[in-house]
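Sequences are here, hints too, so could you generate the full structure?
Read top to bottom, the protein sequences are chains L and U.
Note that the first sequence covers residues 1 to 111 in the numbering used here.
Note that the second sequence covers residues 1 to 114 in the numbering used here.
All clues stand as given, with none of them false.
With a straight-line cut-off of 20 Å between C-alpha atoms, the simulated EDC-like cross-links for lysine to aspartate or glutamate are:
1. U:K11 <-> L:E40
2. U:K15 <-> U:E85
3. L:K26 <-> U:E44
4. U:K57 <-> U:E44
Residues from chain U that face chain L, not an exhaustive set, calculated with beta carbons under 10 Å:
5. G3
6. Y48
7. Q103
Here are the in silico distance ranges between beta carbons for each label pair:
8. L:T76 <-> U:T112: 38 to 48 Å
9. U:G40 <-> L:P111: 20 to 30 Å
10. L:P111 <-> U:G28: 38 to 48 Å
11. L:E16 <-> U:L39: 21 to 31 Å
12. L:T76 <-> U:S66: 44 to 54 Å
Everything labelled a hint here was simulated from the structure, so no lab data went into it.
We put the beta carbon where it would ideally sit given N, CA and C, even for glycine.
What follows is the residue order along each chain.
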Amino acid sequence: QQPVQSPQAVILREGEDAVINCSSSKALYSVHWYRQKHGEAPIFLMILLKGGEQKGHDKISASFNEKKQQSSLYLTASQLSYSGTYFCGTGLSGSARQLTFGSGTQLTVLP
Amino acid sequence: GAGVSQSPSNKVTEKGKDVELRCDPISGHTALYWYRQSLGQGLEFLIYFQGNSAPDKSGLPSDRFSAERTGGSVSTLTIQRTQQEDSAVYLCASSLELAPYEQYFGPGTRLTVT
Numbered sequence: 001q002q003p004v005q006s007p008q009a010v011i012l013r014e015g016e017d018a019v020i021n022c023s024s025s026k027a028l029y030s031v032h033w034y035r036q037k038h039g040e041a042p043i044f045l046m047i048l049l050k051g052g053e054q055k056g057h058d059k060i061s062a063s064f065n066e067k068k069q070q071s072s073l074y075l076t077a078s079q080l081s082y083s084g085t086y087f088c089g090t091g092l093s094g095s096a097r098q099l100t101f102g103s104g105t106q107l108t109v110l111p
Numbered sequence: 001g002a003g004v005s006q007s008p009s010n011k012v013t014e015k016g017k018d019v020e021l022r023c024d025p026i027s028g029h030t031a032l033y034w035y036r037q038s039l040g041q042g043l044e045f046l047i048y049f050q051g052n053s054a055p056d057k058s059g060l061p062s063d064r065f066s067a068e069r070t071g072g073s074v075s076t077l078t079i080q081r082t083q084q085e086d087s088a089v090y091l092c093a094s095s096l097e098l099a100p101y102e103q104y105f106g107p108g109t110r111l112t113v114t
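If you want it as structure tokens, here you go:
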């Protein structure tokens, strides 16, 4: 079953923060976050494995709440280059590695 | 090093014709995945190859779709008797054998069935 992403779209000004959520009704092994710009391939951002970890690099970080089967992607002090569609992909186990993707969150950063 | 490559980048075909889409994974990546992305939609899993194991075909939408992987490297996705609803971007990804299995995507093949 497809994970649910929220919000579907968000518009913010350069320097503002945003949070994108990804929820699943199934027990998850992993959550993968990707950003895709129009007409381009999805770019890998980060992966979180079950265990409730939090990861981050630069001003983009993410958390994984195993109890809630929910992951959140945090974008702080957003830059124009952050614009794109963000997808979460969920994996159910380490052996079945195909991902089920949410429908995406369209993020637009305005100057 | 080189990323995942796919060819052709664009393919226009007539309804009823067969098409072949090619994926060349990152060198050393033993896992290979095919996904499909329809306009404005998320990615839909199609098929997954891992080493010499039997592929996981659970995402293939119909028996018109098939894929093979030769020599544990290059993969070909074949769609027979194409239909207009097959129009989409077909994305290939690859990953290492080891956890945490980050998947890296190719640029995709945009298939248009007229």
